[in-house]
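Let's have the full structure, built from the sequences with the hints guiding it.
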Amino acid sequence: ENKEHMTALSEADKESEQYTTYAITFRGNTVVDISPRNESPNVYPIYLRDHMKTAKKAPMKKVRRFVSDKPVLQW
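So the number in this note's numbering is just where the residue sits in the sequence shown, counting from 1, plus 107.
In case anyone wonders, no lab produced these hints; they're calculated from the structure. Glycine included, each C-beta is placed from N, C-alpha and C at the ideal position. Keep in mind that a hint or two might mislead.
Said to hold, decoys possible - Restraint ranges, calculated between C-beta atoms of paired labels, are given here:
no. : residue 1 : residue 2 : range
1   : Asp176    : Asn149    : 49 to 57 Å
2   : Thr137    : Val179    : 50 to 58 Å
3   : Leu155    : Ser175    : 40 to 48 Å
4   : Glu124    : Tyr151    : 21 to 29 Å
5   : Leu155    : Thr128    : 16 to 24 Å
6   : Leu180    : Asn149    : 47 to 55 Å
7   : Pro178    : Tyr129    : 44 to 52 Å
8   : Asn136    : Phe173    : 22 to 30 Å
9   : Asp176    : Pro152    : 16 to 24 Å
10  : Ala130    : Tyr151    : 31 to 39 Å
In structure tokens form, the structure reads like this:
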């Protein structure tokens, strides 16, 4: 399982002067979960990526790349 965890503190709430500690879960360089979540209906939920937590392989797609046979920049 390729997960790394990180802990982050929010800025202090100006009224209560309290910090919130967040647990952040990574898979590679991608954040797949953050908790605790703000369940308020006024807040857009981010990092809802449960499908990425258990995936065996990263999604891949084929692309075509162009490489010039001539130098593009003169240094």
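Which numbered hints does this structure break? 2, 9 and 10
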